[in-house]
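Asks: Residue numbers (our numbering), protein chains in the order written: chain A, 189 to 499; chain B, 20 to 421.
Since the hints were made in silico from the structure, they are not lab data.
Possibly wrong hints are sitting among the right ones.
With a straight-line cut-off of 27 Å between C-alpha atoms, the simulated DSSO-like cross-links for lysine-lysine are [as the list claims (entries may be wrong)]:
#1 B:Lys260 with A:Lys390
#2 A:Lys251 with B:Lys300
#3 A:Lys251 with A:Lys378
#4 A:Lys275 with B:Lys57
#5 A:Lys203 with A:Lys269
#6 B:Lys62 with A:Lys275
#7 B:Lys62 with A:Lys269
#8 B:Lys300 with A:Lys378
Okay, the calculated bits of chain B under chain A, using three or more residues with CB under 8 Å as the criterion [stated by the list, open to error]:
#9 59–67
#10 142–155
#11 174–188
#12 210–218
#13 221–228
#14 269–277
#15 407–413
Stretches of chain A that chain B covers, calculated by requiring three or more beta carbons in the stretch to come under 8 Å of a beta carbon on chain B [to be verified]:
#16 279–287
#17 305–311
#18 391–399
Cβ coordinates follow ideal geometry from the N, Cα and C atoms, glycine included.
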Amino acid sequence: MGVYIKSTGALMPEKSEAESVFKCAKFDIKEFIDPKEYRRLGTIIRSGIFAGMTALKNSGIQKPDAIVVGTGLGCLTDTIKFIASIKQHNEENLNPSPFIYSTHNTVGGTISILTGCTGYNSTFVHRGLSFESALFESFLMIKEDSELSILAGGIDELTDEYLAVGERIGLYRENSVPGEGAGFFVLTGKKENAIAEIVDIKLLPMFDKVKVMNSFRQFIENNSINPAKTVLFTPFNGDSECDNWKKDVLRSHKWENIVSPKESTGEFMTAGAISAVLAAERFVSEPQTKEILIWNSFLNMENAFILLRST
Amino acid sequence: MVAKIYITAVGIISSIGSGCDQTVQSIIEGKGGQTETKFVDSKLSRSFPLCEVPFSNDQLAEIAGVSRDEFRTRCSLLAAVAAKEAAANGNIRANENISTAFICGTTVGGMDRSEIFYRDFSEDHQNGGDINDVICHDCGDTAHKVASLINATDFVSTISTACSSSANSFITGARLLQHGIVDRVVAGGSDALTYFTVNGFNSLRIHDSEPCRPLDASRKGLNLGEGAAFAVLETEATMKKTGNKPICELSGWHNCAEAYHQTASSPEGRGAYFAMTGALKKANMSPEDIDYINLHGTGTDNNDASESAAVVKVFKEKMPLLSSTKTLTGHTLGASGGIEAVISVLSIRENIVPGDKRFKTPIAETGLKPVAETLINRQVINIMSNSFGFGGNNSCLIFTRL
Chain A
189 MGVYIKSTGA LMPEKSEAES VFKCAKFDIK EFIDPKEYRR LGTIIRSGIF AGMTALKNSG
249 IQKPDAIVVG TGLGCLTDTI KFIASIKQHN EENLNPSPFI YSTHNTVGGT ISILTGCTGY
309 NSTFVHRGLS FESALFESFL MIKEDSELSI LAGGIDELTD EYLAVGERIG LYRENSVPGE
369 GAGFFVLTGK KENAIAEIVD IKLLPMFDKV KVMNSFRQFI ENNSINPAKT VLFTPFNGDS
429 ECDNWKKDVL RSHKWENIVS PKESTGEFMT AGAISAVLAA ERFVSEPQTK EILIWNSFLN
489 MENAFILLRS T
Chain B
20 MVAKIYITAV GIISSIGSGC DQTVQSIIEG KGGQTETKFV DSKLSRSFPL CEVPFSNDQL
80 AEIAGVSRDE FRTRCSLLAA VAAKEAAANG NIRANENIST AFICGTTVGG MDRSEIFYRD
140 FSEDHQNGGD INDVICHDCG DTAHKVASLI NATDFVSTIS TACSSSANSF ITGARLLQHG
200 IVDRVVAGGS DALTYFTVNG FNSLRIHDSE PCRPLDASRK GLNLGEGAAF AVLETEATMK
260 KTGNKPICEL SGWHNCAEAY HQTASSPEGR GAYFAMTGAL KKANMSPEDI DYINLHGTGT
320 DNNDASESAA VVKVFKEKMP LLSSTKTLTG HTLGASGGIE AVISVLSIRE NIVPGDKRFK
380 TPIAETGLKP VAETLINRQV INIMSNSFGF GGNNSCLIFT RL
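From just these sequences and the hints, can you work out the full model?
Replies: Below is the structure:
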């Protein structure tokens, strides 16, 4: 019983000339939600609506059976807005709106309201595994019931505060660059009209490099992956301390076709969601693609492998 | 044949006790954790009862046997205490050939430190605030640290769905076990009192200036609380390896969205209704099989009205015993699902049914009356535990005595 990507929807970031970060350009969600309704929603929720509802539109499915979202830092703008307001107004007469919208499951909750989806609804907030946790749980759910259609995605927003803190702790070194964005998928148990099959997913929560290397080799072996024929999406972010040991791991196999998606997205906790969208889209734009192995990792933290195959 | 899920050990800390024994004792005595706070830094703590754990962060570190350098946030410290108790009771050790997952539910993670960081950072981005106070801000920090602490590192993740977060940890944990992803799961959650949440609920005007009165017609709102609780989930195959005996079975569960409103529940409690009926279906049970419901029962006007409307609809043939233990622990937000799940497990183990001595007058429309004094020497077979959160997430767990 397979798990398939029926469609994708993404909000892609772009690198501006002025700033050395990847930020999402303006987008329109009028077709998904009444402007009166979305006026009070923060940027990350609007981004989630855009990417999630686009994925649904592309799938032809109006109401999924479940919605599972991953976000590393959640609704950061509204969180900071509310903390700032507590300080500014000395704990008195605060506007509840930013507090309400700071809850990290608001993206999933809002999409459930827009689609009338009363099914399973969860949000993972676990740094570099946030998106992959959401994808993995959705994957397992479809294995349980192939009739399900699930909207799964990853999303994070870049804020000035995150950049300032990142600067102070040296989060982004050498050529690594912060980014933001959203990548959503409609997953089903049906092969017909699917873009790609999700064959296997492995999440590695601990940062032990030897364990990661062994797991990577095991993943290749378990899935009979042929590096000569498989497109590899790397986790490289341009920081040699993050990238070099991973390059060493990869050197034990001969990869003919390598893509480094973070060159187009920057580095952030759910960048893997966009890598996965780019990978899925490649099956459509380059139909001779048979197999894509995605290795994602946020900085030198968690790691995950996703194997996609053409249908 | 899908594997049954068993609870073999639990750990808990809240304002009503550190550890299972103290918690059970407080429930039997009806002793609530509403207190004058010592640690949470908000002037609002003078206006509203808060259910604060009576230990400083340094004291929590000592109880858990961890260093403050690594466990800086109160959320991670509370989680460390509860998870260590569960792991000890469940005989979880390093270097065993038993793969173990850790799933933690939390709403604000390390906010207790990052909100302090922000005060000075906001004045001076370059130098304001101690950077160590912000690097542990994110929700996943607690799970990462505690998973390492108790050797449950084969699969680690964090769920944040507001007040149903840690109930959802049990559901995801059960799923991992049934798919054979890991042999064993430690599931639960943690949340600490913060300036952020105390002010957040004040901005919504849903604090009660008195100790809360869930289900009471005179209720005015919630009392915020803090704490952590975790349970060790195993299958029959796992127990053959660990030699553990089950306390009870996690026999049913359901998670659904209400799709009604970001913070309010529908008046008829549609989400609650589907969560409860869904869990019953999963457990292959009828409503009449439930002996006791540990309600979400926050004490707010909205939740208690909609939850009791749903309860009346589901249990119209036979109303089980019911109560909200938030009367004692306060609303522990992301930890509440876990804390109440563990209280449900302890109720089965100890033959008690938690009561609410403060309750006086039922809600006119639904007439539900909670258990008054905690019943002791009272065996119950099936306990239902409800957790409903902002964003319209509704989760329900069912525990069964074996």
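Asks: Could you work out which of the previously given hints the structure breaks and list their numbers from low to high?
Replies: Every hint satisfied by this model.
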